[in-house]
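Student: Take a look at the letters that make up each chain.
There are 2 protein chains.
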Amino acid sequence: MNSQEEVNDFVKNGHQQYLPHLSIDPVIIGYHDQQLKVLLLKWIGLNGWGLPGGFIQRREPLSQAAHRILHERTGLEDLFLQQFHIFGDSPYRVQERSVNEFNETYGLAIDGNTWLFERTLSIGYFALVDYSKVSVRTDFFTVDYQWWDVSEIPPLLFDQNEVVEKALATLRLQIYHQPIGYNLLPEKFTLPEIHTLYETILGKKLDQRNFAKKLVGLGLIKKLDEQRAIGPHRSPYLYQFEKDAYENALKQGIVHTY
Amino acid sequence: MNSQEEVNDFVKNGHQQYLPHLSIDPVIIGYHDQQLKVLLLKWIGLNGWGLPGGFIQRREPLSQAAHRILHERTGLEDLFLQQFHIFGDSPYRVQERSVNEFNETYGLAIDGNTWLFERTLSIGYFALVDYSKVSVRTDFFTVDYQWWDVSEIPPLLFDQNEVVEKALATLRLQIYHQPIGYNLLPEKFTLPEIHTLYETILGKKLDQRNFAKKLVGLGLIKKLDEQRAIGPHRSPYLYQFEKDAYENALKQGIVHTY
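Protein sequences appear in the order of chains X and P. FYI, in this note's numbering the residues of the first sequence are 2 to 259. FYI, in this note's numbering the residues of the second sequence are 2 to 259.
Isolated chain X, as found in the complex (with noise of 0.2 Å):
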């Protein structure tokens, strides 16, 4: 959707294909480096960042919905995309735009109202990726992207600000209950690596030895029969996640006993 065209009647007719009132609002964390960052857009005309949303389409199943607006945000394919919250307290939520301020802005040739200017209420999803592999699209609405770091976040439009804060937050809370470093360790990985990951994560270190012994205890991970060269004297074992385990454990609504 790029062309003038294509854009007006998006604005005008879009509540034909789309539902109203509902919008995706993935939360997309990067880790890369030691480093814990949130994908923004820029938002033309609404003079702020903002999280790249999309619309659900009237048949589309939720869950795909959201697979497809990661896709055609950032070209990524098969992640674990996780809905945490649907945020609909704030109850106008709408934009604070004129039509005229709105067909200025985007020279756009729009009579009324549009559906846009509706009560929206935002699902929030959250997946994890590694930023170096991604490779954001910007579209009529957008001008620009940045990776933000999580300490600083700028003010963002709605009620934004509250969905990335509850997104980490669930992201922490879940960190030994779902295969949270899936997506960004590589298959076989040292016990070192997914220490940072932890720690990134979590913004506190961890005793390495304890937090080993946890993370097999809960059957998580598991040691493999390999090791991996990294100097004459250093060739750590390798580990794997236990997805199976994670899966079992959730589908069974089993807690992992402190």
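These are computed hints drawn from the structure, not numbers from a lab. Here the structure is a predicted model, which is why all the values come from computation and not from measurement. Among the clues, some could well be false.
Note: identical chains are not told apart, hence a pair may lie in one copy or across any two.
[Unchecked claim] Taking lysine-lysine and the DSS-like style, the derived pairs with C-alpha atoms no more than 30 Å apart in a straight line are:
| # | residue 1 | residue 2 |
| --- | --- | --- |
| 1 | Lys205 | Lys215 |
| 2 | Lys134 | Lys224 |
| 3 | Lys43 | Lys13 |
| 4 | Lys134 | Lys205 |
| 5 | Lys13 | Lys206 |
| 6 | Lys214 | Lys38 |
| 7 | Lys189 | Lys43 |
| 8 | Lys38 | Lys223 |
Position chain P relative to chain X; hints supplied.
Tutor: Just chain P now, with coordinates in the frame of chain X:
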């Protein structure tokens, strides 16, 4: 909403008052006397049991809507009510009935289509209540209610069996992160009381001594300098939830380490 005229107006024009395409469907989980049950309503004409749901008013904050619906259905207020998922993977999820059937069932006179037949995504909340204290209200569309044992839930409308399962799984996963028992136990309770509650929710035996140590160790409950006399030689100490500890932990995304 109980007169024929009101219902007719709701079916025809309800989308002017309520957001279309969205419902709130609370899973009301009742506990009493070591039993865990779920509240279901029997829906007229749909020939089946379903959750006691409702719709969001156009300018009503989402969480306020959830509390209002719960109150309208059960008379209960100030509950621990938690959003846990939005269900939208059944892409249609429409009531598979013609307008004629609908008119016949309810004695209405709708012509054309109604917003109630459109695709609806369902926002799942769960609440924990003492079911002996609930007075359920049926309405024009519902003929009966029943508390069903969690192991004997009948086939439900749409995808609502999945909604109930996910509510119970979330409850079990969060049992050490949230003040789950807050609405269920007296303000001051004995260790055997909370032990029985947790065993019932998790559906398994928990070692009594380790269980108490864990809850106190995590700072979730605290021992009071107060005992309850329950017999000539038995006066167990009383405990209290540390509600602030839960809330702070949740806000800050603190993980109780294993």
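Student: Taking the numbered hints from earlier one at a time, note which ones the structure violates and give those numbers from smallest to largest.
Tutor: Hint check: 5, 7 fail, others pass.
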